[in-house]
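Just need the whole structure built from these sequences, with the hints factored in.
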Amino acid sequence: MVTIFADRMENSKKSFIREILKVTQQPEIISFAGGLPNPALFPAEELAAAAAKVMSEDASNVLQYSTTEGYLPLREFIAQRYLEKSGLKIDPSEILITNGSQQSLDLIGKVFLNKGDRVVIESPGYLGAIQSFSIFEPEFREVPLMDDGIDIDALDNTLEESDAKLFYTVPTFQNPSGVTYSQEKREATARVLDKHGVVCVEDNAYGELRFAGEDVPTIRNYLENTILMGSFSKIIAPGLRLGWICANKDIMERLLVVKQAADLHSNYLSQRIICQYLMDNDIDSHISRIKGAYGSRRDYMVNMMSRYFPEGISYTKPEGGMFVWVTLPEGVSSMDLFDLAIKENVAFVPGSPFYTIEGAGSNTLRLNYSNSDPDDIEEGIKRLAACMEKLSC
1 MVTIFADRME NSKKSFIREI LKVTQQPEII SFAGGLPNPA LFPAEELAAA
51 AAKVMSEDAS NVLQYSTTEG YLPLREFIAQ RYLEKSGLKI DPSEILITNG
101 SQQSLDLIGK VFLNKGDRVV IESPGYLGAI QSFSIFEPEF REVPLMDDGI
151 DIDALDNTLE ESDAKLFYTV PTFQNPSGVT YSQEKREATA RVLDKHGVVC
201 VEDNAYGELR FAGEDVPTIR NYLENTILMG SFSKIIAPGL RLGWICANKD
251 IMERLLVVKQ AADLHSNYLS QRIICQYLMD NDIDSHISRI KGAYGSRRDY
301 MVNMMSRYFP EGISYTKPEG GMFVWVTLPE GVSSMDLFDL AIKENVAFVP
351 GSPFYTIEGA GSNTLRLNYS NSDPDDIEEG IKRLAACMEK LSC
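All residue numbers for the sequence shown refer to UniProt numbering, where the first residue is 1 and numbers rise by one.
Derived from the structure by calculation, the hints contain no laboratory data. Careful, some of the hints might be misleading.
Computed spacing ranges between beta-carbons, pair by pair [as the list claims (entries may be wrong)]:
#, residue 1, residue 2, range
1, Ala212, Lys13, 33 to 41 Å
2, Gly239, Asp7, 32 to 40 Å
3, Ser392, Ala293, 30 to 38 Å
Restricting the straight-line Cα-Cα distance to at most 30 Å, the calculated cross-link-like pairs of lysine-lysine (DSS-like) are [as the list claims (entries may be wrong)]:
#, residue 1, residue 2
4, Lys110, Lys13
5, Lys382, Lys291
6, Lys343, Lys14
7, Lys291, Lys22
8, Lys89, Lys110
9, Lys85, Lys13
10, Lys22, Lys317
11, Lys85, Lys195
12, Lys89, Lys13
13, Lys115, Lys53
14, Lys53, Lys110
15, Lys85, Lys165
16, Lys317, Lys85
17, Lys165, Lys115
18, Lys115, Lys14
19, Lys249, Lys22
20, Lys14, Lys165
21, Lys85, Lys343
22, Lys53, Lys291
23, Lys390, Lys89
24, Lys317, Lys390
25, Lys317, Lys291
26, Lys382, Lys343
27, Lys13, Lys53
28, Lys390, Lys22
29, Lys317, Lys249
Note that CB positions come from ideal geometry on N, CA and C, so glycine has one too.
Written out as structure tokens, the structure reads:
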């Protein structure tokens, strides 16, 4: 039978996490599955005031079509923040406002990837990037993460053996592992990528959410051939669907072409509301509240895991972000654990979808702590521990 669908759809799958989240909508389920910011920390009143101000003062412009690049004052704010936080001198013309990080990945894929091109990713890697890039039918090459970042020797060897175009990384509070690259690993990563002439795609969606340890420079600080990605979803609200790409002029010209083809421009009303919010409020004070809340939740989850989990279970202790990565003993399946846990009304994300190699990560799982209160964290971890005992972990 002749199919009417494009060949690329043969290997394109639904997001595993999105499918799990459908199950977790039931109120009785304690969910550690989604990478969800805590809604109690959304600046709802401030955003409402910003929206009212924008609409009352400039509705005729706010509701009109806008430029592809995005609202200039918002791009200027982002550029200034890069200078203040990272010492990066970035011109606003090097910034493109997108409909969240997921669209940023899609646009980057359109600009760079032909079928069969090689993309190097972390192992485990961000599922959203794997799904987005998969549409363009590349060949993935996985490089393992260590406690302080990517395995540099393995990265060098992989790039020596593979004519890769892109290296995609979440070097700060990585999704799913929570791992953060050390400064030494960032410098070494930059050297290896520069040696092989590979473009670095540095996704920094969680970089503002540090609640322990010391800030470290971006990879872009060491490697000019780096595309930076950012998002307002984790520091303001995901429902506004705004993020950005920072790239040099040559890349930006091509990004603008594919952005125009995709949707002309990102939601202009959202851009104006966020910009007004940023002008009228102290974003650093707001981020401090988020970091305090997430830090206490991480501490509580890790303490409960230490108290209730059986011996032989290991897990990361991230200094920021939203996730803990759990490794079960060899031979114990996190999918089997999920099946048991969901019957006890607890949900998480099994680790396998964060790998592109069949069968990899079968004994791993990701837990989110940002969107649960302490009582749910303790009860959920207790139930999960009981399910682990049943699997003889």
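Given the hinted pair Lys115 and Lys14, is their alpha-carbon gap at most 30 Å? OK: Lys115 and Lys14 at ~20 Å, within 30 Å.
Are Lys85 and Lys343 close enough, with their CA atoms no more than 30 Å apart? Distance of about 45 Å is beyond 30 Å: violated.
Given the hint that Lys89 pairs with Lys110, does the C-alpha gap stay at or below 30 Å? Holds, at roughly 27 Å.
Going straight from one Cα to the other, do Lys13 and Lys53 come out at no more than 30 Å? 42 Å, violated
Measuring from beta carbon to beta carbon, are Ser392 and Ala293 in 30 to 38 Å? Holds, at about 36 Å.
30 Å Cα cutoff - pair Lys343, Lys14: 23 Å, holds
For the pair we were handed, Lys317 and Lys85, check the Cα-Cα distance against 30 Å. 24 Å, holds
Going straight from one Cα to the other, do Lys249 and Lys22 come out at no more than 30 Å? 41 Å, violated
For Lys53 and Lys291, compute the direct alpha-carbon distance and say whether it is at most 30 Å. Roughly 28 Å between the alpha carbons, so the hint for Lys53 and Lys291 holds.
Checking one constraint from the list: CA of Lys53 to CA of Lys110, max 30 Å. Satisfied? 37 Å, violated
Restraint check for Lys291 with Lys22, where alpha carbons must lie at most 30 Å apart: Answer holds: Lys291 to Lys22 is near 28 Å, not above 30 Å.
Taking the Cβ atom of Ala212 and the Cβ atom of Lys13, is their distance within the range 33 to 41 Å? 35 Å, holds
Violated hints, in rising order: 9, 12, 13, 14, 19, 21, 23, 27, 29; the structure is consistent with all others.
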